[in-house]
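K.L.:
Sequence:
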Amino acid sequence: MLLEIKDLYVKYGNIEALHGISFHVNKGEIVTLIGSNGAGKTTTLHAITRVPPPEGSTVSGGDILYKGKSILKVPAHTIVSDYNIALAPEGRHIFGNLTVEENLKLATYSRPDDENQQKDYERVYDLFPKMAERRYQRSETLSGGEQQMLSVSRAIMTACNFILLDEPSMGLSPLLMYDMFRVLKQLNEEGMTILLIEQNANLALKFAHRGYVMDTGEIVAQGPSAELMNNPEVKKAYLGG
Numbered sequence: 001m002l003l004e005i006k007d008l009y010v011k012y013g014n015i016e017a018l019h020g021i022s023f024h025v026n027k028g029e030i031v032t033l034i035g036s037n038g039a040g041k042t043t044t045l046h047a048i049t050r051v052p053p054p055e056g057s058t059v060s061g062g063d064i065l066y067k068g069k070s071i072l073k074v075p076a077h078t079i080v081s082d083y084n085i086a087l088a089p090e091g092r093h094i095f096g097n098l099t100v101e102e103n104l105k106l107a108t109y110s111r112p113d114d115e116n117q118q119k120d121y122e123r124v125y126d127l128f129p130k131m132a133e134r135r136y137q138r139s140e141t142l143s144g145g146e147q148q149m150l151s152v153s154r155a156i157m158t159a160c161n162f163i164l165l166d167e168p169s170m171g172l173s174p175l176l177m178y179d180m181f182r183v184l185k186q187l188n189e190e191g192m193t194i195l196l197i198e199q200n201a202n203l204a205l206k207f208a209h210r211g212y213v214m215d216t217g218e219i220v221a222q223g224p225s226a227e228l229m230n231n232p233e234v235k236k237a238y239l240g241g
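Sequential numbering from 1 applies to the sequence shown in full-length UniProt numbering.
No wet-lab data here; the hints were simulated from the structure.
Please note that the accuracy of each hint is not assured.
Ranges between beta-carbon positions, derived for each pair [what the hints assert, rightly or not]:
{"hint": "1", "residue 1": "S81", "residue 2": "Y178", "range": "31 to 39 Å"}
{"hint": "2", "residue 1": "H24", "residue 2": "N231", "range": "18 to 26 Å"}
{"hint": "3", "residue 1": "L175", "residue 2": "G91", "range": "15 to 23 Å"}
All C-beta atoms in this analysis are idealised placements derived from N, C-alpha and C, irrespective of residue type, glycine included.
Could you build all of it, start to finish, from the sequences and the hints given here?
P.N.:
Rendered as structure tokens:
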């Protein structure tokens, strides 16, 4: 087991956003969290990465284990440098005044400038040819789809082996959306573990090995993706059936 969330509670001030959720992700898996807006999905990713949302939040109970050891109180910057977990956040949060290549360079701050780093630049440009074309272009001038590619590319450049994705298809055309998921599938086949939040529940469950359904801070259903897709309640609430 790579990641285990155990009875996790998170509060925003006096408001409890997560009510003791538990789930796990195995090495090499793609796991998705689905649910409506406000269900607590993004809060869960913030709790794992130790990057709080702007409003500020606190973990009030439970634990987060990585390879069996708690990471709940480790310094936030070590989540990337020591545990190789990277977040591609909702809304991209790229540095618009920097070029594509400068954004990628920033993601390597904890890495030695060695042959492996250079190979990852080549890998990113191979996975996302548009990034190679735009490498010297200010990222604020990119299209929404290209900015999403840059967000995922930046996560790859941290040398992570576990990537957390928050709404990677948001704002993308159908063609770019399926291209994005094709790349993510390739990364997984190469060994990347993925925890995914995706508003398009049909797409997420087709892509993932397993899923968890969240509702108002609780996990209300879980199982293999095929099983969830055939669950009448899940189909009615999230899959348009």
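K.L.:
Take the hints in turn and mark each one as holding or not.
P.N.:
Consistency of the hints with the structure:
1. S81 / Y178: 31 to 39 Å: 33 Å, holds
2. H24 / N231: 18 to 26 Å: The hint (18 to 26 Å, Cβ to Cβ) holds, given that H24 and N231 are roughly 20 Å apart.
3. L175 / G91: 15 to 23 Å: 21 Å, holds
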